[in-house]
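**Student:** Based on the sequences and whatever the hints tell you, model everything.
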Amino acid sequence: MTKAFGITDIQPESLHELALKFEAPDSKEFQKYFTYFMVSYNDTVTCTEECKSIQVCSVHFLDHESYSECLQKVTEEEEEPTVKDGKGVREAVQEMLNMLHPLPLEDKCQKNCSGTV
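By this note's numbering, the letter at position 40 of the sequence shown is numbered 40, and the numbering carries on one by one without gaps.
Please note that a few of the clues may not be correct.
[Unchecked claim] Heads up, simulated DSS-like pairs for lysine-lysine below, C-alpha to C-alpha not over 25 Å straight-line: (1) Lys3 x Lys28; (2) Lys73 x Lys21; (3) Lys21 x Lys3; (4) Lys3 x Lys32; (5) Lys21 x Lys32.
[As the list claims (entries may be wrong)] Have a look at the derived ranges for each label pair, beta carbon to beta carbon: (6) Thr8 x Gln72: 31 to 41 Å; (7) Glu76 x Ser40: 26 to 36 Å; (8) Glu76 x Ala4: 26 to 36 Å.
I should point out that these hints are in silico values taken from the structure, not numbers from a laboratory.
Keep in mind it's a predicted model, so treat the numbers as computed, not measured.
A virtual CB, placed ideally from N, CA and C, is assigned to each residue, including glycine.
**Tutor:** Right under this line is the structure:
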């Protein structure tokens, strides 16, 4: 991580500074992060506008309550939340998750897990 993002260590202060860089428009650091997030699966998938805000919230806020508050602020700021191709944010995030995990979690677990969901 230090090499990938050019940070000296992974102490909270360094990671916070990196996360702040993600917020900048056309942030190269964010683009690199998103490529890693997508596990280099498909480099044609882009994450801009609200999609980017959702990712930045997830990096900044690790507990559910703070993350939800951040998302609420993002959706309040956006009148027409869209990402590439005019898709809604939730649709785009679901599409992104489907690329990473093609089956719904319930289907995966029914086919590959023992026990209950």
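**Student:** Please go over all the hints and tell whether each is borne out by the structure.
**Tutor:** Hint check:
1. This hinted pair checks out: lysine 3 and lysine 28 have alpha carbons roughly 14 Å apart, not beyond 25 Å.
2. Distance restraint check for lysine 73 and lysine 21: the Cα-Cα separation of roughly 19 Å lies within the 25 Å cut-off, and the hinted pair is therefore satisfied.
3. Distance restraint check for lysine 21 and lysine 3: the Cα-Cα separation of roughly 16 Å lies within the 25 Å cut-off, and the hinted pair is therefore satisfied.
4. In summary, the hint linking lysine 3 to lysine 32 is supported, as the alpha carbons are separated by about 12 Å, within the 25 Å threshold.
5. With a C-alpha separation of about 12 Å, the suggested pairing of lysine 21 with lysine 32 holds against the 25 Å cut-off.
6. For the hinted restraint 31 to 41 Å between threonine 8 and glutamine 72, the CB-CB distance of approximately 34 Å keeps it satisfied.
7. In this structure the supplied range 26 to 36 Å holds for glutamate 76 paired with serine 40, their Cβ-Cβ distance being about 33 Å.
8. Checked against the hint of 26 to 36 Å, the pair glutamate 76 and alanine 4 passes, with Cβ atoms roughly 33 Å apart.
Hint violations for this structure: none, all hints satisfied.
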